[in-house]
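Student: Required output: the full structure, derived from the provided sequences and hints.
As you go down the protein sequences, you meet chains A and B in turn.
Per my numbering, numbering of the first sequence is gapless, rising by one per residue and ending at 125.
Per my numbering, numbering of the second sequence is gapless, rising by one per residue and ending at 311.
Check the hints yourself; a few may be wrong.
So, partial list: chain A residues that the calculated Cβ filter (under 10 Å) puts toward chain B [said to hold, decoys possible]:
1) Arg89
2) Ala95
3) Ala97
4) Glu121
Keeping only pairs whose Cα atoms sit at most 20 Å apart, straight-line, the calculated SDA-like set for lysine to any residue is [what the hints assert, rightly or not]:
5) B/Lys188 x A/Ala95
6) A/Lys93 x B/Ser10
7) A/Lys108 x B/Lys86
8) A/Lys108 x B/Ile175
9) A/Lys93 x B/Arg172
10) A/Lys108 x B/Val186
11) B/Lys130 x A/Met98
12) A/Lys108 x B/Asp181
13) B/Lys86 x A/Glu121
14) A/Lys93 x B/Asp179
15) A/Lys108 x B/Glu183
16) A/Lys93 x B/Lys130
17) B/Lys86 x A/Lys93
18) B/Lys130 x A/Ala95
19) A/Lys93 x B/Ser208
20) A/Lys93 x B/Val186
21) A/Lys108 x B/Gly182
22) A/Lys108 x B/Arg159
Treat the hints as calculated values from the structure; they're not laboratory data.
Glycine residues also receive a C-beta, built at the ideal position from the N, C-alpha and C atoms.
For reference, the chains in residue letters:
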Amino acid sequence: MNATAKTCLIVDDSKMIRRVASRILKDLSFASTEAKDGRDALDACRGAMPDAILLDWNMPVMDGLSFLKALRKEPGGDAPVVLFCTAERDVIKIAEAMDAGADEYVMKPFDSDIIESKFFEVGLV
Amino acid sequence: MSNQLSLTPSYYEALKRLTLELAGVELGADHTFLVETRLSALARKEGFDTLSQMIEELFSRGQTRLAVQVVSSLLQRASRFFDDRKGYETLGDILLPKLHKLYSGSTLRILSYGCSSGQEVYSTAILADKFSHALPNMPIEITGVDFPSWALERAKTGRFTHFEVQRGLPIRHLIEYFDRDGEDWVVKNKLQERIHFEDHNLLSNPSSLGKFQIVMFRGNMKHYSDPAAARIMNYLSGMISADGYLLLGSNEKFEKRSYGFKISPIAPGCYQKEAQSKVGAPPKIAGGTEPDTPTAELSLPQAIRRGHNAA
Numbered sequence: 001m002n003a004t005a006k007t008c009l010i011v012d013d014s015k016m017i018r019r020v021a022s023r024i025l026k027d028l029s030f031a032s033t034e035a036k037d038g039r040d041a042l043d044a045c046r047g048a049m050p051d052a053i054l055l056d057w058n059m060p061v062m063d064g065l066s067f068l069k070a071l072r073k074e075p076g077g078d079a080p081v082v083l084f085c086t087a088e089r090d091v092i093k094i095a096e097a098m099d100a101g102a103d104e105y106v107m108k109p110f111d112s113d114i115i116e117s118k119f120f121e122v123g124l125v
Numbered sequence: 001m002s003n004q005l006s007l008t009p010s011y012y013e014a015l016k017r018l019t020l021e022l023a024g025v026e027l028g029a030d031h032t033f034l035v036e037t038r039l040s041a042l043a044r045k046e047g048f049d050t051l052s053q054m055i056e057e058l059f060s061r062g063q064t065r066l067a068v069q070v071v072s073s074l075l076q077r078a079s080r081f082f083d084d085r086k087g088y089e090t091l092g093d094i095l096l097p098k099l100h101k102l103y104s105g106s107t108l109r110i111l112s113y114g115c116s117s118g119q120e121v122y123s124t125a126i127l128a129d130k131f132s133h134a135l136p137n138m139p140i141e142i143t144g145v146d147f148p149s150w151a152l153e154r155a156k157t158g159r160f161t162h163f164e165v166q167r168g169l170p171i172r173h174l175i176e177y178f179d180r181d182g183e184d185w186v187v188k189n190k191l192q193e194r195i196h197f198e199d200h201n202l203l204s205n206p207s208s209l210g211k212f213q214i215v216m217f218r219g220n221m222k223h224y225s226d227p228a229a230a231r232i233m234n235y236l237s238g239m240i241s242a243d244g245y246l247l248l249g250s251n252e253k254f255e256k257r258s259y260g261f262k263i264s265p266i267a268p269g270c271y272q273k274e275a276q277s278k279v280g281a282p283p284k285i286a287g288g289t290e291p292d293t294p295t296a297e298l299s300l301p302q303a304i305r306r307g308h309n310a311a
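Tutor: In structure tokens form, the structure reads like this:
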């Protein structure tokens with residue numbers, strides 16, 4: 001792992017999505033870690049805040065929106081750039097995510113071009 | 001559907017000639033796969049069972065409409081929202097404020113020359129809307145023109161796929177300016193109201209479109225043969241008002257001639273019109289097609305007949 005690489009925490013209950021996203025982020029020179037739900041992700045962030053978080057919405061234990069609201073209250077929790085990455089496409093839901101402190105929003109399904117474009121949008125690539 | 005032998009070398013050469021004559025664009029020698037892919041998609045849309053059938057129809061009957069569709073498909077570029085960001089920064093930070101001093105109380109006209117599937121036009125409209133409060137009393141009208149094509153027809157509908165709207169378009173712009181319609185997203189009326197599209201052969205005289213204060217012709221020059229690029233530049237120079245600007249791609253610049261624009265760009269790829277420019281007559285295009293002929297009345301390109309003979 002490159003010590004100077006930016007870090008991204010991938011939060012999704014689907015192992016396949018985590019694997020695909022991890023591969024894409026590796027191509028963008030990110031060092032990625034994974035969490036399977038919001039609670040795991042919050043624990044990980046308390047250990048070390050990543051530069052970016054790719055965040056699913058619907059997950060067991062703690063969903064993405066609850067995680068985001070909790071994260072932003074943590075010390076240093078305003079620092080990570082958070083990109084929702086979810087199958088939710090309802091405009092009201094998207095607005096809710098942005099109002100809760102998300103920086104960008106990826107609608108599934110996605111491809112590498114979309115991830116790169118969204119990371120460019122928030123100044124990460 | 002098998003297209004293994006659809007593009008014989010003679011047909012490929014004929015398509016190269018057709019593209020040069022109709023559009024002034026030189027296809028590379030090794031783009032067979034790309035050509036087959038794009039024309040196969042067009043063949044399906046046009047209702048042919050195979051690409052071979054469409055090619056036969058094109059070169060045996062010489063349909064002008066089909067020829068234009070074929071060439072348009074071959075020229076179609078991957079387009080994304082807010083592509084080449086520097087150009088939009090120039091537009092918003094420099095050009096619109098400068099022109100507001102001159103055009104407050106009037107309508108500002110922007111042209112996207114070669115607008116493909118419309119992302120540049122809609123991105124510009126979003127930018128214009130964002131600046132409308134800072135630059136009041138200057139309605140901005142945006143026109144997109146390109147060869148008649150499926151891409152342009154899609155642009156007119158303002159409908160984009162789930163994948164297209166995620167390439168270059170910030171999510172806040174998406175929910176502000178688009179409505180979701182099933183799997184697609186459709187541009188809202190408040191943007192559509194300031195936009196219109198027209199079919200236009202880019203090598204034809206565009207004087208009927210009127211004058212514009214800003215013309216965007218970004219990332220296109222490299223595709224054209226030298227005579228075709230010179231013809232287009234002369235036309236664009238003629239349609240930009242005396243106080244107007246030409247916006248090329250941020251990495252594009254004039255090499256040999258400045259076509260009536262000040263030689264030094266005011267920002268990357270952005271050229272201001274000379275106060276009193278003298279523009280030369282448009283050059284002839286290789287192949288001898290008369291580009292002034294309106295698209296709807298294009299005479300049958302000789303390349304079709306030659307292609308038929310060659311095949």
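Student: So, for every hint listed, does it hold in this structure?
Tutor: Hint-by-hint comparison with the structure:
The interface hint given for A/Arg89 holds, since its Cβ lies 6 Å from the closest Cβ of chain B, which is under the 10 Å cut-off. The interface hint given for A/Ala95 holds, since its Cβ lies 6 Å from the closest Cβ of chain B, which is under the 10 Å cut-off. Annotation: A/Ala97 was flagged as interfacial toward chain B, and the flag holds, the nearest CB pair being 9 Å apart, inside 10 Å. Contact between A/Glu121 and chain B, as hinted, is supported at the beta carbon level, the nearest pair being about 6 Å apart and thus within 10 Å.
At most 20 Å may separate the alpha-carbon atoms for a hinted pair to count; B/Lys188 and A/Ala95 meet this at roughly 17 Å. For the proposed pair A/Lys93 and B/Ser10, the alpha carbon gap of about 55 Å is over 20 Å, so the pair is violated. A threshold of 20 Å between alpha carbons decides the hint, and for A/Lys108 with B/Lys86 the separation of about 29 Å lies outside it, so the pair is violated. Among the hinted pairs, A/Lys108 with B/Ile175 is consistent with the structure: their alpha-carbon atoms are about 16 Å apart, no more than 20 Å.
Restraint check: the Cα-Cα separation between A/Lys93 and B/Arg172 comes to about 12 Å, which is no more than 20 Å; the hinted pair holds. Simply put, A/Lys108 and B/Val186 have alpha-carbon atoms about 18 Å apart, close enough for the 20 Å limit, and the pair holds. Note on B/Lys130 and A/Met98: the hinted pairing holds, with a Cα-Cα distance of about 19 Å set against a maximum of 20 Å. Our distance criterion of 20 Å between C-alpha atoms is met by A/Lys108 and B/Asp181, whose separation comes to about 16 Å.
A hinted pair counts as satisfied when its Cα atoms are at most 20 Å apart, and B/Lys86 with A/Glu121 qualifies at roughly 14 Å. Distance check on the hinted pair: A/Lys93 and B/Asp179 sit about 14 Å apart at the alpha-carbon level, within 20 Å; holds. As the CA atoms of A/Lys108 and B/Glu183 are separated by approximately 11 Å, the hinted pair is consistent with the 20 Å bound. The hinted pair formed by A/Lys93 and B/Lys130 fails the criterion: a straight-line CA distance of about 23 Å is larger than 20 Å.
For the proposed pair B/Lys86 and A/Lys93, the alpha carbon gap of about 32 Å is over 20 Å, so the pair is violated. For a cut-off of 20 Å, the pair hint linking B/Lys130 to A/Ala95 stands: about 19 Å separates their Cα positions. The suggested pairing of A/Lys93 with B/Ser208 is violated, with an alpha-carbon distance near 46 Å, which exceeds 20 Å. Restraint check: the Cα-Cα separation between A/Lys93 and B/Val186 comes to about 18 Å, which is no more than 20 Å; the hinted pair holds.
Of the supplied pair hints, the one linking A/Lys108 and B/Gly182 holds, its CA atoms being roughly 14 Å apart against a limit of 20 Å. Between A/Lys108 and B/Arg159 the alpha-carbon distance is near 19 Å, which keeps this suggested pair within the 20 Å criterion.
Violated hints, listed in ascending order, are 6, 7, 16, 17 and 19; each of the other numbered hints is respected by the structure.
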